[in-house]
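**Student:** What follows is each chain in one-letter form.
Number of protein chains: 4
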Amino acid sequence: MAKQIRDPGIGEKFNARTKRLMNKDGTFNVRSKGIALKRIHPFQYLVNVSWAKFALILLLAFTTINLIYATIYFSLGSAGLKTTIDMSPISHFWQCVFFSLNTLTTVGFGNFCPSGYKANIVAGLEAMTGLLGFAFATGLLYGRFSRPSSKIGYSENALIAPYNDGSALMIRLVNLRNSIMTDVDVDITFTYEERIGNQYMRRFYQLPLERNEVNYLPLTWTLVHPIDENSPFYGKTHEELKEIDSELMINLKGHDEGFGEQVHSRTSYLMDDVIWGARYIPSFHVDDAGIVLLDFEKLSAYEKVNLDREPVLLNLV
Amino acid sequence: MAKQIRDPGIGEKFNARTKRLMNKDGTFNVRSKGIALKRIHPFQYLVNVSWAKFALILLLAFTTINLIYATIYFSLGSAGLKTTIDMSPISHFWQCVFFSLNTLTTVGFGNFCPSGYKANIVAGLEAMTGLLGFAFATGLLYGRFSRPSSKIGYSENALIAPYNDGSALMIRLVNLRNSIMTDVDVDITFTYEERIGNQYMRRFYQLPLERNEVNYLPLTWTLVHPIDENSPFYGKTHEELKEIDSELMINLKGHDEGFGEQVHSRTSYLMDDVIWGARYIPSFHVDDAGIVLLDFEKLSAYEKVNLDREPVLLNLV
Amino acid sequence: MAKQIRDPGIGEKFNARTKRLMNKDGTFNVRSKGIALKRIHPFQYLVNVSWAKFALILLLAFTTINLIYATIYFSLGSAGLKTTIDMSPISHFWQCVFFSLNTLTTVGFGNFCPSGYKANIVAGLEAMTGLLGFAFATGLLYGRFSRPSSKIGYSENALIAPYNDGSALMIRLVNLRNSIMTDVDVDITFTYEERIGNQYMRRFYQLPLERNEVNYLPLTWTLVHPIDENSPFYGKTHEELKEIDSELMINLKGHDEGFGEQVHSRTSYLMDDVIWGARYIPSFHVDDAGIVLLDFEKLSAYEKVNLDREPVLLNLV
Amino acid sequence: MAKQIRDPGIGEKFNARTKRLMNKDGTFNVRSKGIALKRIHPFQYLVNVSWAKFALILLLAFTTINLIYATIYFSLGSAGLKTTIDMSPISHFWQCVFFSLNTLTTVGFGNFCPSGYKANIVAGLEAMTGLLGFAFATGLLYGRFSRPSSKIGYSENALIAPYNDGSALMIRLVNLRNSIMTDVDVDITFTYEERIGNQYMRRFYQLPLERNEVNYLPLTWTLVHPIDENSPFYGKTHEELKEIDSELMINLKGHDEGFGEQVHSRTSYLMDDVIWGARYIPSFHVDDAGIVLLDFEKLSAYEKVNLDREPVLLNLV
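Protein chains in written order, with my numbering: chain Y, 148 to 464; chain A, 148 to 464; chain C, 148 to 464; chain L, 148 to 464.
It is worth saying that the hints were derived from the structure and are not from the lab. Each hint should be verified, as a subset may be incorrect.
Unchecked claim - DSS-like mimics (lysine-lysine), calculated; alpha carbons at most 27 Å apart, straight line: (1) A:Lys389 with A:Lys160; (2) Y:Lys180 with A:Lys166; (3) L:Lys400 with L:Lys445; (4) L:Lys265 with L:Lys200; (5) A:Lys180 with L:Lys400; (6) A:Lys200 with Y:Lys180; (7) A:Lys400 with L:Lys400; (8) Y:Lys400 with C:Lys160; (9) A:Lys160 with A:Lys445; (10) L:Lys298 with A:Lys160; (11) C:Lys451 with Y:Lys400; (12) A:Lys166 with A:Lys180; (13) Y:Lys166 with A:Lys229; (14) Y:Lys160 with Y:Lys445; (15) L:Lys229 with Y:Lys229; (16) Y:Lys229 with C:Lys383; (17) C:Lys451 with L:Lys180; (18) C:Lys265 with C:Lys200; (19) Y:Lys229 with A:Lys400; (20) C:Lys451 with A:Lys229; (21) C:Lys451 with C:Lys383; (22) C:Lys160 with C:Lys383; (23) A:Lys389 with A:Lys166; (24) Y:Lys389 with Y:Lys160; (25) A:Lys200 with A:Lys180; (26) L:Lys160 with C:Lys298; (27) L:Lys445 with C:Lys400; (28) L:Lys265 with C:Lys229; (29) A:Lys229 with Y:Lys160; (30) C:Lys298 with L:Lys200.
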């Protein structure tokens, strides 16, 4: 019989049936109650938020700071601000806004100048705020941009394909980036739910793979889990596996030479994503010059094949 | 008998009874004599100091630099500084301060301009100082902000809870951040003090855990040390363990996906923090949509239970 | 017989004869079809592009931004821009370009000033763009400059040299940088192509080395693969190895103390790069002061020697 | 007999007697011939050069750039530069220098303004150069400042101290920084030179230590190599070891929590640094409050003791 492993930290005992544990994008189906806001580290938030939201946050932050300083200049009265050129069409408040903008960005055209002790000191503070604030924003901008990330393409479906005398579970993946990945390591955790009284127990299995690491990943790589007596798939039909909320969780680690750092990727397959009796169509071929040509469009391409006898159980007899 | 390990580097032989070795926040109860100031690396200091102190240090540093340059301009006499607008209410020294501020922040409104060879050269130097200084301050600001850190919540108390036929030491923890932690690894070191002549010997044991690593940490994780004949807790009463200055030191490592780096956490429990005969109340449940709901408020929640027979010793007979 | 290993991820089954799998510079002979553009991460591109192209991209980006803003100012008419000094020889459009330049770089001389609501707001936006843009460009500049990289020199030829009673494959390498490398690790993969029907199968062997790691790399290091019955070279002639498209792929990892990070290096040798019957001339000697003198010019220097009997096969009898 | 290890990469066969292989500061006694200049990576140079030299390089670089641009403005004639205030005492060339300074630092007071097409374009380029250059310099400044480094104090002398029934080689070390180091790992390589014909062979031994890692390093740590039949010191006198150019090379790695990164440290001891018959005076004691007090001044402190019988050989009979 297949060897069960410990819960990988996702939880074992539940009071009710759970949705898929891991989503397609590698996140978990857990929500939290209680200290929601305090859970967010501002750096992590600002680095992970979408680019559109990030731009909005920046604009709002700088506009707010600008208006705060503008209000201070305004409160100092018209004596606090002198103009060297004619500013007749612009009201005093807007003059304060524009002067504040000149100061915050340290552009200091000189069309507006601070006048008197207070205005000069406030302008000094604002210029400091601007220098620190903009450089900080740029740090974040660059941090977001240079953040190591992987972009692994997984075939849309997992396949139960012919393999030696029997069959095997196969999942094909590729590095969608043009950087070279090295020392790539994958594991597949299989989980299903078992009802015991009014509790639901999650069972977990680490699927043995034909190979679970490659040195380089310039081409597609097909993960192969042979379905033999050591497999929890052994002797199960597609329907049986669906009924017990089966799920395959993929976890990949590798060194990305483009970033010079370790990157991670996760995804999961439900039984609806698994095709019984199919095999992948080759995704690369050698051209006349002896160069290997990889076709990304074919990552998920498969053809139906007869597994001879059904269900999988019989394959292994 | 339980297997003793080597001193984890904290010291074995002492001339007197020591306070707890590790504090709740993971620091050690060691003070140093001799080269105190030289021990501080300025980067480490500026990155670890509180935000309030950091802001104060920045303000002081820039004010000081500003005043030094202001004094230099002042010493050049009134010929060193020309104003393009009327500055009548402001004394010459303060004009120098404001000009210096304009230059240090490179805002350069133009209401003040350097005049003559010396003032122009000094102003050039000050602008360089400002550029390097502010960008350096921002580096620190961003370094502080983006610094990988963990925020692990540990249950307020460790419990001696029923476990199989006997009992076990249990400690519950959770990732208080909303980032995903992976490959989390924990060890618990148990230490107590033994008097030999007029020396105090610290003994150390690495407590065997039911499991000491999880792949993911989206939920709470309960560390379980079974109290059997391999445990240094075996056959000891709560009082006996208190008398010998027992202490549990927790050491956690994991990969934080929000930062993309390894983070660490440490804490320690004294025997006063251990509840004899209690078990944790579940901290999560599945809602109607099949989503797991985690309640942080319940991290430390426990209920008293009867360990049947006391002390622990009898549990294991 | 020599022990075959798994495909290191480069591909095993091909429809035709392939060119060398790995190029001299460590890249792979793979081209991709389909999502070419989306494969490029902009950070990886900008960090890896040549310095000349990088400078061009920066200049183009800033010129474009400058012209866009200049056009906006121009569209606001001559009322949008005031000059404090006589600008008679410069046309209005170019005045807008120069004002835009003053604003984008936040230099703000004050010879041009924005006038009216619109021009002031646009100038504020441009100054922000400039601050963010230039700091971002600098982040990239510094990121490129500080990027950890290795510069390992490999001898031009691999040698089949006398070794003990027989012979060995030898490759000499050196750290061309003056930083100290520690914990250096090397493996050599040997591959050749076998025709089966109309398919070409790549075979892979990890060559056992006399030693595959050193603690420090201040001198040259000669990799030695003894050609005995465990070697896939055993009993093969130079010609035979050429015919089956043999290739040696070298993979090196080490810690570079200058960067404080792990660096990688790869290269490959074809059979045309291998000299049968030669040995390396020593690359260092001790001078009168007892200092070891390393001569980089001699890295690839070898002298022909008689392997006594040919082919290699007989060496090992 | 003691077990010999492979050359750790420092070289095995020499044509003459060598000086110590590793210096006190962890560098190697190797000089290179040939591609000296190309060996230096500019980033590594600028990050490792002394602060004084670094400041000089910055100042020279900016002065040079400033003068180059000043010369360009000067070559454009007096029409290229307009002043808004009276600059009578300053010659035209120096006006160009000061304008160039205003532009390079983007301070742009407005006392000087570019005039005409050429001057405006050149000023735009200079402002760009300034922004990129200063931010780049700051990157280096911050990179130098935040660079992870260790500051391990090693006792001035290694000791041959009494240990159990015999003796042991002891070396005491401490983290001189006030940051916490964790997972600290040490190895000691012992090497001596043997004359064979007119060649000198270096022999290397990894000394077995009582313990070679600690979890934390808040106190001093004494490395202990027991001198028994597994030790290359076994049966050797101090004089014998001196004659064969014996050397002890220490290599330390650990995680520094202040930097959040792995740090390294190396040093070496010659036989002249080893005291035969001495033991370390304790470097810490517990005060009345139960706090451990560590005295750095005592790191190297030892007292002479009788090893009973001399030489070491007899200790072990």
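**Student:** Hints first: check each against the structure and report whether it holds.
**Tutor:** Status of the hints after comparison with the structure:
1. A:Lys389 with A:Lys160: holds (20 Å)
2. Y:Lys180 with A:Lys166: violated (37 Å)
3. L:Lys400 with L:Lys445: With Cα atoms ~23 Å apart, Lys400 (chain L) and Lys445 (chain L) stay inside 27 Å; holds.
4. L:Lys265 with L:Lys200: Violated: Lys265 (chain L) and Lys200 (chain L) sit about 36 Å apart, past 27 Å.
5. A:Lys180 with L:Lys400: holds (25 Å)
6. A:Lys200 with Y:Lys180: Roughly 33 Å separates the two Cα atoms, so the pair is violated.
7. A:Lys400 with L:Lys400: Holds. Lys400 (chain A) to Lys400 (chain L) sits at ~18 Å (cutoff 27 Å).
8. Y:Lys400 with C:Lys160: Answer holds: Lys400 (chain Y) to Lys160 (chain C) is near 25 Å, not above 27 Å.
9. A:Lys160 with A:Lys445: violated (40 Å)
10. L:Lys298 with A:Lys160: Within the cut-off at roughly 25 Å; holds.
11. C:Lys451 with Y:Lys400: Measuring from Cα to Cα gives roughly 46 Å; hence the hint is violated.
12. A:Lys166 with A:Lys180: holds (18 Å)
13. Y:Lys166 with A:Lys229: With Cα atoms ~74 Å apart, Lys166 (chain Y) and Lys229 (chain A) exceed 27 Å; violated.
14. Y:Lys160 with Y:Lys445: violated (40 Å)
15. L:Lys229 with Y:Lys229: Since the Cα atoms of Lys229 (chain L) and Lys229 (chain Y) sit roughly 23 Å apart, the hinted pair holds (cutoff 27 Å).
16. Y:Lys229 with C:Lys383: Given pair Lys229 (chain Y), Lys383 (chain C) is violated - Cα atoms ~90 Å apart, limit 27 Å.
17. C:Lys451 with L:Lys180: Roughly 24 Å separates the two Cα atoms, so the pair holds.
18. C:Lys265 with C:Lys200: violated (36 Å)
19. Y:Lys229 with A:Lys400: violated (59 Å)
20. C:Lys451 with A:Lys229: violated (80 Å)
21. C:Lys451 with C:Lys383: It holds: about 20 Å lies between the C-alpha atoms, which stays within 27 Å.
22. C:Lys160 with C:Lys383: holds (23 Å)
23. A:Lys389 with A:Lys166: Roughly 13 Å separates the two Cα atoms, so the pair holds.
24. Y:Lys389 with Y:Lys160: Status holds; Cα separation ~20 Å.
25. A:Lys200 with A:Lys180: Distance of about 25 Å is within 27 Å: holds.
26. L:Lys160 with C:Lys298: holds (25 Å)
27. L:Lys445 with C:Lys400: violated (40 Å)
28. L:Lys265 with C:Lys229: holds (20 Å)
29. A:Lys229 with Y:Lys160: violated (78 Å)
30. C:Lys298 with L:Lys200: Holds, at about 26 Å.
Comparing the model with each earlier hint shows violations of hints 2, 4, 6, 9, 11, 13, 14, 16, 18, 19, 20, 27, 29; every other hint is respected.
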